[in-house]
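**Student:** Residue numbers (our numbering), protein chains in the order written: chain A, 547 to 974; chain B, 1335 to 1435; chain C, 162 to 545; chain D, 3 to 182.
You may find that some hints are simply not true.
One-sided and incomplete, this derived list gives chain A residues near chain C with beta-carbon spacing under 7 Å [as the list claims (entries may be wrong)]:
id: 1; residue: His597
id: 2; residue: Phe598
id: 3; residue: Val600
id: 4; residue: Pro779
id: 5; residue: Pro941
id: 6; residue: Tyr943
The list that follows gives simulated cross-link-like pairs (lysine to aspartate or glutamate, EDC-like), each with its CA atoms no further than 20 Å apart [claimed, not checked]:
id: 7; chain 1: C; residue 1: Lys361; chain 2: C; residue 2: Glu316
id: 8; chain 1: C; residue 1: Lys380; chain 2: C; residue 2: Glu367
id: 9; chain 1: C; residue 1: Lys229; chain 2: C; residue 2: Asp209
id: 10; chain 1: D; residue 1: Lys179; chain 2: B; residue 2: Glu1336
id: 11; chain 1: C; residue 1: Lys466; chain 2: C; residue 2: Glu269
id: 12; chain 1: C; residue 1: Lys207; chain 2: A; residue 2: Asp946
id: 13; chain 1: C; residue 1: Lys361; chain 2: C; residue 2: Glu452
id: 14; chain 1: C; residue 1: Lys380; chain 2: C; residue 2: Asp422
id: 15; chain 1: D; residue 1: Lys179; chain 2: C; residue 2: Asp209
id: 16; chain 1: C; residue 1: Lys319; chain 2: C; residue 2: Glu366
id: 17; chain 1: C; residue 1: Lys349; chain 2: C; residue 2: Glu315
id: 18; chain 1: C; residue 1: Lys469; chain 2: C; residue 2: Glu452
id: 19; chain 1: C; residue 1: Lys229; chain 2: C; residue 2: Glu217
id: 20; chain 1: C; residue 1: Lys323; chain 2: C; residue 2: Glu348
id: 21; chain 1: C; residue 1: Lys229; chain 2: C; residue 2: Glu211
id: 22; chain 1: D; residue 1: Lys179; chain 2: A; residue 2: Asp946
id: 23; chain 1: A; residue 1: Lys954; chain 2: C; residue 2: Glu377
id: 24; chain 1: A; residue 1: Lys950; chain 2: C; residue 2: Glu211
id: 25; chain 1: C; residue 1: Lys469; chain 2: C; residue 2: Asp496
id: 26; chain 1: C; residue 1: Lys472; chain 2: C; residue 2: Glu232
id: 27; chain 1: C; residue 1: Lys352; chain 2: C; residue 2: Asp363
id: 28; chain 1: C; residue 1: Lys229; chain 2: C; residue 2: Glu477
id: 29; chain 1: D; residue 1: Lys179; chain 2: C; residue 2: Glu211
id: 30; chain 1: D; residue 1: Lys126; chain 2: B; residue 2: Glu1336
id: 31; chain 1: C; residue 1: Lys380; chain 2: A; residue 2: Asp946
id: 32; chain 1: C; residue 1: Lys406; chain 2: C; residue 2: Asp422
id: 33; chain 1: C; residue 1: Lys352; chain 2: C; residue 2: Glu377
id: 34; chain 1: D; residue 1: Lys179; chain 2: B; residue 2: Glu1423
id: 35; chain 1: C; residue 1: Lys212; chain 2: A; residue 2: Asp627
id: 36; chain 1: C; residue 1: Lys472; chain 2: C; residue 2: Asp496
id: 37; chain 1: A; residue 1: Lys950; chain 2: C; residue 2: Glu377
id: 38; chain 1: A; residue 1: Lys621; chain 2: A; residue 2: Glu591
id: 39; chain 1: C; residue 1: Lys264; chain 2: C; residue 2: Asp496
id: 40; chain 1: A; residue 1: Lys593; chain 2: A; residue 2: Asp618
Think of the hints as simulated: they come from the structure by calculation, not from any bench. Where a beta carbon is used, it is the ideal one built from N, C-alpha and C, also for glycine.
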Amino acid sequence: MNALMSYFGSKQTPGVAGNQLWALIYIFIIFAGVAVIVICMNWLERKVLAHFQVRIGPMRVGPHGLLQPFADALKLLTKEDIIPQEADKVVFWMAPVIGLLAAFTVYIVIPFGPTQAVTDMNIGILFMLGVSSLGVLGIVTAGWASNSHYPLIGALRSSAQMVSYEVAMGLAVVSAILMTSLNRDGTGTLSMLGIVQAQQQQGIWFIFKFFPLGLIAFLIFAIAMVAETNRAPFDLPEAESELTAGFHTEYSGLRWSLFMLGEYAAMIAVSAIAVTLWLGGWMRPFPNGLAGAGWDFFFALWPGLTFIGLGGLAFLGVVRMPSAQFFKIQRVGLAIFALALAGLGGLLIAITIGAHYSQRNIIASTSAGIAYVYWFLLKVAVFMYLFIWYRATWPRYRFDQLMKVGWKVLLPISLGVLIVTAIVGMIL
Amino acid sequence: MEITTLHYLVVAAALFVLGVIGVLTRRNVVIVLMSIELILNAVNLNLVAFSRMWGGLHGQVFAVFIVVDAAAEAAVGLGILIAFFRNRETINVDEIDLLKW
Amino acid sequence: MNDRTDALSNLDLETPEKPYLDSNELIINMGPQHPATHGVLRVILKLDGEKVLGTECVIGYLHRGVEKIAENRTYTMFNPYVDRMDYVAAVSNGLGYCQAVEKLLNVEAPPRANYIRVILTELNRIASHQLWLGTHALDIGAMTPLFYTFRDREEILKIFEKYCGARLTTHAFRIGGCQYETYAGFEKDVKNFLAFFPPKIDEYEELLTGNRIWIERTKNVGVISAKDAIAFGVTGPVLRASGVKWDIRKAQPYANYADFDFEIPIGQNGDTYDRYIVRMIEMRQSLRIIEQAINGIPEGPIMAKVPKVIKPPVGEIYHSIEAPKGELGYFIVSDGSTQPYRVRVRPPSFVNLQALDIMVRGMLVADVVAVIGTLDIVLGEVDR
Amino acid sequence: MNSAMAPGMTPVATPFFFYLLSGMAILSGLLVITRRNAVHSALALIVTLLSVSGLYFMLYAPFVAGVQIIVYAGGIMVLFLFVIMLVNLERVIRERQFNRMWPVGLAAACALLALFLSVFEKGKSLFDRASVPLSDKFGPENTQQVGIMLYGNYMFAFEIASLLLLVAILGAVIMTKKRI
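Bound conformation, chain A alone (with noise of 0.2 Å):
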């Protein structure tokens, strides 16, 4: 039990602490909640896909097809495992994982909150590009691996594609690791608590930094993102249309979705690292503006009437159902998973009164450590939304113009940006 508690009221990382039953349990929690968060990644954005596109999407596991992640990931797992014949099996076999290691390694070093990350790295910003680059391994190999045409060519167009927009990437992020630079004491840091404390420190998003340049530097971090993931508009390596599926188009099965876990996994990180660099991370919107006792509370109340919202939403799919003896099980299951919704946010609210009222650290702690992550999760979730959003509404770029992008477009802003940062930095 002290054990267990031992790491209530903390003010350090259980990795930083040395604590390492809390970093294992974070560990845990991080990969079982990161798996999570995909099956629910992929129901939504079939859900709101289809209701970009005048379709209403999977209904009929579940209500409203609330089941339908299970009933794939069933799916997927009975499946035949096919390996081509003419495949190389080891590397065939170990290309879904080089993908889907590298995606889920950078989740240690995510800061969820001041103290909410299994650890904190001095060099945690360098730490995360180097590790996610590695998932293009992933795909080069599984490309090669297949010993088929299209798979090739989709594994030497992915390579060549996050290569060139790790570039500008990787500027976009040094002029925000430039502004951390700024603090009273004067030096930067590469780690990501520490960049998130810099914009504590320095009352201000990076976002809003020097306005326009934080921006810029976003914006381009924010589009080289989406090419770092694959996803459309910049999703030649799976382009559909011209490659049947690109780089997986042999796989099948559990491998298959491997790879889909490990794509989605790398979108929740690349956005975490957007959030932390630029959106201020675990803090809260208006910290300085809303400042005060009464504002906080407010905010602390947000998680819980976010979960009782969602309830109240699934309430009203409930009273909107067809009220045919064919729906009452649907009826009945979409009703429980209301009240399990609004009863998370219950006990949310009364955690966050109750550590208004009470003096007890424990709770206290327990609330503000709810807060720092639903916030940051709150903000990664609008890049998700903003991911599907992109491919509803976008065609696909093609090779070249892709390159050009990157390369005459994205490249040259960033290093202007880079530069404008510096000298602004240095006069200021």
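Got chain A; can you put chains B, C and D on it based on the hints?
**Tutor:** Quick look at chains B, C and D alone, frame taken from chain A:
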């Protein structure tokens, strides 16, 4: 048991020797280039280990320079390899024995 | 003919001149199972990296011998078969065939029948263009227009279904006129559609016309000059986008197209973007024609006097109409019996597809997909 | 290990991770030089590089470790894989893998190893001594310190390195372009 600098040196020496064996015995140029990367890594490991031992950062800085050097070497080496492959349709070292053809 | 078409000789896929020497020459099979070939077209691509050095189309996967079937059917019995050629524009196919046989018989469909024919054919032109737009956009990577166009195409198909009971293979017309009188509320339905559709075209255009990625993907892609286009016998929107003002509805008016006031859009560059614009304007022009036709539809019979057993006099006839995809011609030889001696169809898709090679040489793989989409081929018609 | 160290930098189970990482490095290094297929070699080399990067972490050199991951594993190895795919020849895999001089090469390498070992044996006392206590250079400030070094003491070398990279880029482009 404590891990001392000597342990790192032994690992580095092993990697270095593996690299040397690769360079001296393999025919495939790509693998020869990879063996050179192994050698460079062994050197880097030595530098960083000594940097830790003496408590200065010069070793680490040198390691960064060596990484830069390795990048340049790989780019040019592979460039030469591709140019060569275009002309001679081989990537075996012992067939690359003419300066001009 | 210029140099580009001279280079059209066979790809020589079997024997690369210098094996292995060029490290990145690649031959890939696009299709017959491929999401972007609109059916079972197989295109053999010879690539240098991503650059297309040449293409060769392999067709015939959907060959059903429609022309041969005609020789063993009476003229009336063959009528439904033509619907199965270009199955997204079945009404146009039927119109062409019926008019060809009428010409052979020397009968004329009554005016009311002609008006109904024009309304349905133009509706079908819109439906065909909608399907083209959706799939073309999907090929280039924009998913959403597909669902918008299918949603709106449904309104047209509903009118078809109410008129003749079928949505796709309509068999709407008979030799000598129309089988069915318009149903009650036909006029209202069509007028509703006329009011419903223009905002929808605006919606499509909002998503695509000004979209930078769309413009980059389509401008200067798959360019074909007017000279090349004529040399290849390319017709329809593809020809008009190259700047040739050739539309059979104006050039050799059939049915009663001469009565209507409409314009033929033409492009300048002959690239994919121009073809897109031309088809978008054509949809609006079709609406204009339908509006005039539905307002001026006369009363009267819908069937001319045609003998029960159709036995055309000995002779031959070629009649062509402007189908959504281009010039659709029927060449029918009659030996005086109840069955045609020979029927030959000039399918627009088949002829347009021949231009694929010169349109994509030197372009990238992604452009092949865009160009196949912009040619608007239907494999049922290519293979027959 | 050392009380003067910054918190959070204490590695756990040092010997275990050291033997794990160095074992992986050497084993996959062995694979690099023995595999027939160059892609397998490249993948083994990636494992080596990542293991060595882990060793850097254990030597309190996080910046070098990060550079190792981002430049070596993410950049150079992708380049290698790219080239292997471009020059992928079935023929090479079927052919003899080692050149005719391999016994000589092996003997030379073994002699080199013997030399190393004898040096280590002689200098055992030198290398075996306890490390100096960690200054803040090895703590959370490592990256900053390396940066100050790079732009201070080694300014000139840094510029030359950037020039070297530029030359390498130009060289690679000229070499691989079919027509210039």
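**Student:** Determine for every hint whether it applies to the structure shown.
**Tutor:** Hint check results:
1. With a least beta-carbon distance of about 11 Å to chain C, the hint placing histidine 597 of chain A at the interface is violated under the 7 Å criterion.
2. Contact between phenylalanine 598 of chain A and chain C, as hinted, is supported at the beta carbon level, the nearest pair being about 6 Å apart and thus within 7 Å.
3. Nearest Cβ of chain C to the Cβ of valine 600 of chain A: about 5 Å, under the 7 Å cut. The hint holds.
4. The closest approach between the C-beta of proline 779 of chain A and any C-beta of chain C is roughly 6 Å, which is under the 7 Å cut-off, so the hint is satisfied.
5. About 4 Å separates the beta-carbon of proline 941 of chain A from the nearest beta-carbon of chain C, less than 7 Å, and the hint is met.
6. The beta carbon of tyrosine 943 of chain A is positioned within 7 Å of a beta carbon in chain C (closest approach about 6 Å), and the interface hint is therefore held.
7. At roughly 12 Å between alpha-carbon atoms, lysine 361 of chain C and glutamate 316 of chain C fall within 20 Å of each other, so this suggested pair holds.
8. A threshold of 20 Å between alpha carbons decides the hint, and for lysine 380 of chain C with glutamate 367 of chain C the separation of about 17 Å falls inside it, so the pair holds.
9. A threshold of 20 Å between alpha carbons decides the hint, and for lysine 229 of chain C with aspartate 209 of chain C the separation of about 41 Å lies outside it, so the pair is violated.
10. For the suggested pair lysine 179 of chain D and glutamate 1336 of chain B, the alpha carbons sit about 53 Å apart, so the restraint of at most 20 Å is broken.
11. Between the alpha carbons of lysine 466 of chain C and glutamate 269 of chain C the distance comes to roughly 9 Å, so the proposed pair stays at or under 20 Å and holds.
12. For a cut-off of 20 Å, the pair hint linking lysine 207 of chain C to aspartate 946 of chain A stands: about 18 Å separates their Cα positions.
13. Restraint check for lysine 361 of chain C and glutamate 452 of chain C: the C-alpha separation of about 17 Å stays at or below 20 Å, so the hint holds.
14. Restraint check for lysine 380 of chain C and aspartate 422 of chain C: not satisfied, since their Cα atoms lie roughly 31 Å apart, outside the 20 Å limit.
15. Distance restraint check for lysine 179 of chain D and aspartate 209 of chain C: the Cα-Cα separation of roughly 14 Å lies within the 20 Å cut-off, and the hinted pair is therefore satisfied.
16. Taken as a hint, the lysine 319 of chain C and glutamate 366 of chain C pair is broken in the structure, with Cα atoms around 24 Å apart against an allowance of 20 Å.
17. Our distance criterion of 20 Å between C-alpha atoms is met by lysine 349 of chain C and glutamate 315 of chain C, whose separation comes to about 16 Å.
18. Between lysine 469 of chain C and glutamate 452 of chain C the CA atoms are separated by roughly 35 Å; this puts the pair beyond 20 Å, and the hint is violated.
19. Taking the CA atoms of lysine 229 of chain C and glutamate 217 of chain C, the gap is about 26 Å. The hint is violated against a cut of 20 Å.
20. For the given pair, lysine 323 of chain C sits about 12 Å from glutamate 348 of chain C by alpha-carbon distance, which is consistent with the 20 Å threshold.
21. Between lysine 229 of chain C and glutamate 211 of chain C the CA atoms are separated by roughly 41 Å; this puts the pair beyond 20 Å, and the hint is violated.
22. This hinted pair checks out: lysine 179 of chain D and aspartate 946 of chain A have alpha carbons roughly 17 Å apart, not beyond 20 Å.
23. With a C-alpha separation of about 15 Å, the suggested pair lysine 954 of chain A and glutamate 377 of chain C falls inside the 20 Å cut-off, and the hint holds.
24. Straight-line distance between C-alpha atoms of lysine 950 of chain A and glutamate 211 of chain C comes to about 15 Å, which keeps the hinted pair within the 20 Å bound.
25. Our distance criterion of 20 Å between C-alpha atoms is met by lysine 469 of chain C and aspartate 496 of chain C, whose separation comes to about 18 Å.
26. The straight-line distance between the Cα atoms of lysine 472 of chain C and glutamate 232 of chain C is roughly 14 Å, inside the 20 Å bound, and the hint therefore holds.
27. At most 20 Å may separate the alpha-carbon atoms for a hinted pair to count; lysine 352 of chain C and aspartate 363 of chain C meet this at roughly 18 Å.
28. A threshold of 20 Å between alpha carbons decides the hint, and for lysine 229 of chain C with glutamate 477 of chain C the separation of about 17 Å falls inside it, so the pair holds.
29. Between lysine 179 of chain D and glutamate 211 of chain C, the direct Cα distance comes to roughly 16 Å. Compliance with the 20 Å bound is thereby established for this hinted pair.
30. A threshold of 20 Å between alpha carbons decides the hint, and for lysine 126 of chain D with glutamate 1336 of chain B the separation of about 15 Å falls inside it, so the pair holds.
31. Taken as a hint, the lysine 380 of chain C and aspartate 946 of chain A pair is honoured in the structure, with Cα atoms around 14 Å apart against an allowance of 20 Å.
32. With a C-alpha separation of about 16 Å, the suggested pairing of lysine 406 of chain C with aspartate 422 of chain C holds against the 20 Å cut-off.
33. This hinted pair does not check out: lysine 352 of chain C and glutamate 377 of chain C have alpha carbons roughly 37 Å apart, beyond 20 Å.
34. Between lysine 179 of chain D and glutamate 1423 of chain B the alpha-carbon distance is near 16 Å, which keeps this suggested pair within the 20 Å criterion.
35. Our distance criterion of 20 Å between C-alpha atoms is broken by lysine 212 of chain C and aspartate 627 of chain A, whose separation comes to about 34 Å.
36. Distance hint between lysine 472 of chain C and aspartate 496 of chain C is fulfilled; the C-alpha atoms sit about 9 Å from each other, no more than 20 Å.
37. Between lysine 950 of chain A and glutamate 377 of chain C the CA atoms are separated by roughly 11 Å; this keeps the pair inside 20 Å, and the hint holds.
38. For the hint pairing lysine 621 of chain A with glutamate 591 of chain A, the CA-to-CA distance comes to about 18 Å; that is within 20 Å, so the pair holds.
39. Of the supplied pair hints, the one linking lysine 264 of chain C and aspartate 496 of chain C holds, its CA atoms being roughly 15 Å apart against a limit of 20 Å.
40. The hinted pair formed by lysine 593 of chain A and aspartate 618 of chain A meets the criterion: a straight-line CA distance of about 14 Å does not exceed 20 Å.
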